[in-house]
Amino acid sequence: MDGMIAMLPAPLQKLSSHIDFQGQKVAERTYQVILTIAGIVGFFVGFWTQQLSYAIHIVMGASAFTALIILPPWPFLFRKNPIVWQVPTEEQEETSSASPPAESSAKKDDKKKKEPKKTK
Amino acid sequence: MHNVLSRANALLAFTLWVMAAVTAACFLSTVFLDYTVPSQITVKDIKVRSIVDYATDDQQADLATLSFNLKVDFTRIFNWNVKQLFVYLVAEYKSKVNEVNQVVLWDRIVERGERVVMDEIGVKTKYYFLDDGTNLLKHDNVTFVLRYNVIPNAGYLRLVQSTNQIVVPFPTTYSTTRRS
Numbered sequence: 002m003d004g005m006i007a008m009l010p011a012p013l014q015k016l017s018s019h020i021d022f023q024g025q026k027v028a029e030r031t032y033q034v035i036l037t038i039a040g041i042v043g044f045f046v047g048f049w050t051q052q053l054s055y056a057i058h059i060v061m062g063a064s065a066f067t068a069l070i071i072l073p074p075w076p077f078l079f080r081k082n083p084i085v086w087q088v089p090t091e092e093q094e095e096t097s098s099a100s101p102p103a104e105s106s107a108k109k110d111d112k113k114k115k116e117p118k119k120t121k
Numbered sequence: 098m099h100n101v102l103s104r105a106n107a108l109l110a111f112t113l114w115v116m117a118a119v120t121a122a123c124f125l126s127t128v129f130l131d132y133t134v135p136s137q138i139t140v141k142d143i144k145v146r147s148i149v150d151y152a153t154d155d156q157q158a159d160l161a162t163l164s165f166n167l168k169v170d171f172t173r174i175f176n177w178n179v180k181q182l183f184v185y186l187v188a189e190y191k192s193k194v195n196e197v198n199q200v201v202l203w204d205r206i207v208e209r210g211e212r213v214v215m216d217e218i219g220v221k222t223k224y225y226f227l228d229d230g231t232n233l234l235k236h237d238n239v240t241f242v243l244r245y246n247v248i249p250n251a252g253y254l255r256l257v258q259s260t261n262q263i264v265v266p267f268p269t270t271y272s273t274t275r276r277s
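Just so you know, the protein sequences line up as chains V and C, in that order. Heads up, the first sequence is in this note's numbering, so the first residue is 2 and it goes up one at a time. Heads up, the second sequence is in this note's numbering, so the first residue is 98 and it goes up one at a time.
To be clear, the hints were calculated from the coordinates, so they are not data collected in a lab. Mixed in with the good hints there might be a few duds.
[What the hints assert, rightly or not] Taking lysine to any residue and the SDA-like style, the derived pairs with C-alpha atoms no more than 25 angstroms apart in a straight line are:
1. K81(V) <-> N106(C)
2. K26(V) <-> A105(C)
3. K15(V) <-> H99(C)
4. K180(C) <-> W49(V)
5. K180(C) <-> V46(V)
6. K168(C) <-> P266(C)
7. K26(V) <-> L113(C)
8. K26(V) <-> A110(C)
9. K26(V) <-> L102(C)
10. K26(V) <-> W114(C)
11. K15(V) <-> A105(C)
12. K223(C) <-> R146(C)
13. K26(V) <-> F111(C)
14. K26(V) <-> N100(C)
15. K15(V) <-> S103(C)
16. K15(V) <-> N106(C)
17. K235(C) <-> K180(C)
18. K180(C) <-> F48(V)
[Unchecked claim] Coverage of chain C stretches by chain V, computed from C-beta distances (three or more under 8 angstroms per stretch; other residues unrestricted):
19. 100-106
20. 116-124
[To be verified] Facing chain C, from chain V, some residues (calculated, C-beta under 8 angstroms):
21. H19
22. I20
23. Q25
24. A28
25. Q33
26. G40
27. G43
28. F44
29. V46
30. G47
31. Q51
32. Q52
33. S64
34. T67
35. A68
36. P76
Bear in mind that the values here come from a model prediction, so they are computed numbers and not experimental data. Built from N, CA and C at the ideal position, the CB exists for glycine as well.
Starting from the given sequences, assemble the full structure and let the hints guide the process.
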């Protein structure tokens, strides 16, 4: 699947389809409720009309409808509760940047080293 | 459920679950129904010929030809779990060697939505009514019965026998005249 995604054009790959944790819960409950109701309705429609194809078409139609609701990451449905990450403290940053000293982090370290000198 | 592919996967899986449940419910709603219908069979123009048959020891076999009328209404059978019927006419008789001989003489597939009421007159048999010996001549109890398989959308292949059957005595002399 990842290989197929890698074949997509670059602008498409950048599209984010992620939804937050609360959104995942809501989405799962949404398709469960809609499809179960559609299955029950479809059974009775098929029983009254004596056509099994009507029942199956109702379930498939409900599935397509549910796909419209839950597949796109609608911001007003599934992105209302974004995760608030904690702001990293300075100590953690020093320990993490200690092992691989990249250029950018090295500059930050210099600044940090200079700052406490000023306070002293 | 975090990205679009896993959501599509979950949705497809649950859709298939629901469809399987609806299909199983359809099967359960029809499994105890009665599928037997009455039929009217009349057999006429029975002729028995003696033919040479090198496959049997006595090298003589009885070949019967006949035509029949069939009147049967399958409308009641076709509920929402029936795709088609496989209808066939069976001749059953007892011989010295075999307790039960069953010969299929004619069959037809009856599909849903097509001609499900049959009123056939003067139908010739589709398959040979060939005995493996010389038991058909003077046989006084050849039973003709209509059977059909019910091919469902979901469930098992049901075999039903129509309620009516007829018993026909066979001719006492061989027919030698050629049919025009």
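Right, here's what the structure says about each hint:
1. K81(V) <-> N106(C): holds (23 angstroms)
2. K26(V) <-> A105(C): holds (15 angstroms)
3. K15(V) <-> H99(C): holds (16 angstroms)
4. K180(C) <-> W49(V): Holds, at about 17 angstroms.
5. K180(C) <-> V46(V): Holds, because 18 angstroms separates the two Cα atoms, which is no more than 25 angstroms.
6. K168(C) <-> P266(C): Between K168(C) and P266(C) the Cα gap is close to 21 angstroms, so the pair holds against 25 angstroms.
7. K26(V) <-> L113(C): The given pair, whose Cα atoms are some 20 angstroms apart, holds under the 25 angstroms limit.
8. K26(V) <-> A110(C): Status holds; Cα separation ~17 angstroms.
9. K26(V) <-> L102(C): Answer holds: K26(V) to L102(C) is near 16 angstroms, not above 25 angstroms.
10. K26(V) <-> W114(C): holds (19 angstroms)
11. K15(V) <-> A105(C): Holds. K15(V) to A105(C) sits at ~19 angstroms (cutoff 25 angstroms).
12. K223(C) <-> R146(C): holds (17 angstroms)
13. K26(V) <-> F111(C): holds (15 angstroms)
14. K26(V) <-> N100(C): holds (13 angstroms)
15. K15(V) <-> S103(C): holds (17 angstroms)
16. K15(V) <-> N106(C): holds (21 angstroms)
17. K235(C) <-> K180(C): This hinted pair is violated, its Cα atoms lying about 41 angstroms apart.
18. K180(C) <-> F48(V): holds (15 angstroms)
19. 100-106: holds (count 5)
20. 116-124: With 6 residues closer than 8 angstroms to chain V, the segment 116-124 of chain C meets the three-residue bar; holds.
21. H19: holds (6 angstroms)
22. I20: For I20(V), the interface hint holds, since the closest Cβ of chain C sits about 7 angstroms away, which is under 8 angstroms.
23. Q25: OK, holds: Q25(V) within 8 angstroms of chain C, min 4 angstroms.
24. A28: holds (6 angstroms)
25. Q33: At 7 angstroms from the nearest chain C Cβ, Q33(V) passes the 8 angstroms test, so the hint holds.
26. G40: holds (4 angstroms)
27. G43: holds (6 angstroms)
28. F44: Status holds, d = 5 angstroms.
29. V46: Where the cut-off is 8 angstroms and the nearest Cβ of chain C is about 10 angstroms from V46(V), the hint is violated.
30. G47: Constraint on G47(V) satisfied, holds at 6 angstroms.
31. Q51: holds (4 angstroms)
32. Q52: The hint holds - Q52(V) has a Cβ within 8 angstroms of chain C, the shortest such distance being about 6 angstroms.
33. S64: holds (4 angstroms)
34. T67: Holds - the Cβ of T67(V) comes within 8 angstroms of chain C, reaching about 6 angstroms at its closest.
35. A68: With a minimum Cβ separation of about 6 angstroms from chain C (threshold 8 angstroms), the hint on A68(V) holds.
36. P76: violated (14 angstroms)
The structure does not agree with the numbered hints 17, 29 and 36 stated previously, though it agrees with the rest.
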